[in-house]
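Colleague: From the two separate chains plus the hints, produce the assembled complex.
Just so you know, the sequences run in chain order A and B. Count the first sequence with our numbering and you get residues 1 to 328, in order. Count the second sequence with our numbering and you get residues 329 to 593, in order.
Because the hints were derived from the structure by calculation, they are not lab data. Certain hints may be false.
Claimed, not checked - Under the rule of at most 27 Å between Cα atoms (straight-line distance), these lysine-lysine pairs were calculated in the DSS-like manner:
#, chain 1, residue 1, chain 2, residue 2
1, A, Lys112, B, Lys572
2, A, Lys168, A, Lys52
3, A, Lys90, B, Lys546
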Amino acid sequence: MANDVWVYIEHKDGNASPMSFEILGIGKTLAKDLGSNVCAFVIGDSVDGIAKDAIAYGASKVYTVEDGVFKGFRADAYVKAAQTLIEKYKPEIALFRGTSQGSDMAAAAAAKLQTGLCADTIGLVIDGGKLKMTRAAFGGNFTVTVVNEKAQTQIATVRPKAFAMPEKDAAAQGEVVKESVSVSEDSLHTKVVEFIPSATSVNLVEADIIISGGRGVGKAESFTMLKELADLLGGAVGASRAAVDSDWISYDHQVGQTGKTVKPKIYIACGISGAIQHLAGMRTSDCIVAINKDADAPIFKNATIGVVGDINVFVPKLIEKFKAKLNK
Amino acid sequence: MKIVACIKQVPDTEAEVKWDIPKGALNREGMDSVTNPFDEFALEEALLTKENYDGEIVAITMGPDKAADVLRNALALTVDSVYQLTDDAFAGSDTYATASVLAAAIKKIGDVDVVFCGKQSTDGNTGVVGAFLASILDFSQLTYVSKVRSIDEAGKKIIVERAIEGGTQVVEAKLPAVVSVIKGINEPRLPNLMGIRKASKIAIPQWTADDLGLDKGKVGAAGSSTKVVEIAVPPPRGAGEILKGELEDIATTVVDKLIDLKVIK
Ligand SMILES: Cc1cc2nc3c(=O)[nH]c(=O)nc-3n(C[C@H](O)[C@H](O)[C@H](O)COP(=O)(O)OP(=O)(O)OC[C@H]3O[C@@H](n4cnc5c(N)ncnc54)[C@H](O)[C@@H]3O)c2cc1C
Ligand SMILES: Nc1ncnc2c1ncn2[C@@H]1O[C@H](COP(=O)(O)O)[C@@H](O)[C@H]1O
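Bound-form chain B, shown alone (with noise of 0.2 Å):
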């Protein structure tokens, strides 16, 4: 079986944000930055599979030259192959930007099976690409996944759990698929010693644009339809009262003042 985990490299969500506000885009530079944490899902999910029925994982991010370091750290992991999609072309793709360059490399790497996404990054949080993926490919589309209860290679089908508003829904699906999984799906593991010794004497392969046959007008920010024209800082809220007195008597205060927004029925 062929798996393919994408993985996104994010700032630290302690990391002071810096934005490059003439171009409407993320100031990645000198900011700390970590895999996406739901991608790590994404990752164990892929390593599990393949424990479970055999195969081989490729993971792929697209990216600056920094964005090599999550594919370090998956190799580190185990993971068998890693491609960095870069290119200056590729600054400022929107999500259907982004997606057409990961289903390029998908289709690169070739009879893949099943893909693995994170439910969302915790910067552009925008939470689609999978899906959009997975139109692009014309795979299965299962998004919110909370289990893969099994996969049947030789049948090309897959049956997952997915956690919708309500329930669960379980699925059966054709293989291929692109499975984008939510937290709480594994345990992610940590890479050992020697896995990360091993992983940083390995030089990461690189595709550019022209490497996935892709028109340059189609991706970054020349392929975008969404443009960022304003970026701001919403107003702080402001610390409202803190009640001061016997816990009784603010008891009684917090119950009037919630009584009074009538919203309680």
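Isolated chain A (complex conformation) (with noise of 0.2 Å):
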């Protein structure tokens, strides 16, 4: 249907995580207002597995499209697959994750339409039967809510966990509607010559706990207590760019302007003074702890809990503490 929401459920190889669904939650809750439906559309070379998982997760209906070429994400490709279906089935909304994966099908699905998009929409409401896509701006100073008046199909991505995950229901019914579109290898631009995962495994955007360390830190060799904590308390270590700059911890660590944006339910910035740029990657988090030997750092302003101490002195104890109330 013409006034239908359309979801992208991105995937690595045929692995969706439950955070690929994640945006099913607001694209139901939009087609409720519009009253229509909320469908999913996978791309892959096997995906049937996924289709059941989106209907688990509210899709009332999923658009499939299957074949060999479509083995591994390719922008190319996909978004051929993707510009064909929704020529075809002009939904009035068509969301993606604002991940990698995401913004490139986003942008480049949004050019082959002709187009512009909402990108990394923390907002998302249909006011008046238009669709209404807030964003931050300026690390967060402002937020600039845009309509997409023109467009056939309004696109937007939508940032990590700005909006709450969809609860499984493996009961739910829906149906999966398999589509063709052939993409000939010759017409393709890229080809994926290996993936090499990262020793680390670094997620910070999708982490619901981050414990980041700043030039407070003082070397590399102390990022391991932060590493130790952040472990007991599964969750994944975040930088200031000083620390990075310093080379005591890899760039994609570095939370901020020039880094990642992170809402984690739980943030601990350890020695980081909050600097503007600083803040406006993880100043949406919900708890933030901060831990500062100087009781005038900007940090503080910011911070859900102030501790004024030394981190070596600190970091410890929680450590301790967390250990003997966890029974680690």
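Modeller: Spelled out as structure tokens, the structure:
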């Protein structure tokens, strides 16, 4: 139906994580307000299982495109399939996650459909039948609300964790619509040579708990203390740019304006002053704990819980007490 | 090899940001501006590519008069030529309209092998213009690039590493390609005094919508499908509590408070 809300389900080589279905939740809310349905679309070489899961997470219909050419994500191949489906069914809204895959897809698809998009939305509402898309600008110092009045299909990417994860209901019923889109290997520009998994496998963006270190950590070795705390709590290690620039930890851990934007449930900032560029990446975290020996550090203005003290004294105490409480 | 670097002028993050609220656009007058930090990496990668493989670099920017500064900086870094895409009709462009203007300039430059962009701009922050460009031009779309492994100009091939969730993807792609780069791909150099002096004397060539053969109804605010309807300042987070007392007791309190959130398993 023309006013349906479509949600792109990303996956890696046929494996979808629960987070892949995250935005079916907000998709469903929008569809309800439009009096339409939330539909998922999946592209890959074998996606039956993902289609079933999409229904369990709330999709009333799932459009699938399956072919060997779609083994492994390639923007050009996937976008051809997405464009064909969107042009055929003309959904009102198409949502993508604001991940590397989702952003690549959304941008290329929007370009093919000759329309703009709203990137990294943190608010989506239907107001008078229109979609209003809100995003953060300038490191979260402003929010900007955008509408797209001209496009047949309004496209947005959604910031990971901006909306609640939908419930999974294995008994949910839905329809799977198989579509075929032929894309010849010759017409494609890219070939994936290999994928090298990262040793530390930091997925800061999806982490519920992040322990971040800044210049106050003082040396590379002291990050092992933060890593120990992170492992204990099932979290990930983040860093300020000062720590990354000091070569104490790699860039993929950097949080902030020129690093990652994160929104964990708990963010523990250790020896981080709270510069505006760092805050840009973490100020929307649910609970921020700041540990800094300078009582005037700006981070305290944004912290839920502030501790004035030396991290070399305080963090070991935290580790010891968590171990005792969690029986680990 | 012909290399294009797309660089944008953005307000300095330390500067006070002024919005023209009725227009839903930035009021760029009187704000301190710098080259978008990610575009410094794009520019450096263009310079390295030229050094390693030979060729010429053209730097382009779309922006008002003042944006010529970023091109002057690029000239000081010894790029071969620059074009400023500027026209009243470009004001208010959304991502698609911006990419359309950049794409038209890249077509006009002609025979381009590689276009380097930054991962994202720190003002617009959308991080999608590179992908839009690739899609509009039908060039290979290589985003989040952390390393260019090799370029084979004769064979029209490029191999890059992309830093994506969970690891590094190695991709081989046909040229021409749009490569958008992340921080850490290189260490941007600074211009030297002679370069700055030389660049200050060069007139910056400008291309308007007419020069680019663009229909004014398809660029700028007129050509943008997305429109800003509201700009707001989010409520301050508000400071919480600073725990007082002995660190030992504070640690116990923090542990209890965090466990109460029921996030830690
Ligand atoms: C264009 C641009 C982009 C940027 N992007 C980013 C970004 O993405 N992310 C980012 O983080 N920054 C970014 N920055 C840098 C930012 O401005 C700050 O310089 C940086 O965040 C500072 O890091 P820090 O808080 O670790 O260090 P500092 O500001 O040096 O703070 C260290 C803090 O540690 C405290 N401390 C020291 N020793 C101890 C101890 N033993 N126990 C407890 N506390 C201690 C000190 O009191 C101090 O408050 C950017 C800057 C620019 C110009
Ligand atoms: N007005 C512009 N002029 C030149 N390049 C731009 C412009 N806008 C965006 N870009 C390029 O596109 C990248 C991504 O920008 P954005 O999508 O705005 O975050 C930037 O890092 C630049 O390389």
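Colleague: Each hint: holds or not?
Modeller: Results of checking the hints against the structure:
1. A:Lys112 <-> B:Lys572: 58 Å, violated
2. A:Lys168 <-> A:Lys52: 11 Å, holds
3. A:Lys90 <-> B:Lys546: Satisfied, since the Cα-Cα distance of roughly 22 Å is no more than 27 Å.
Figure legend: structure checked against the earlier numbered hints; the only hint not met is number 1.
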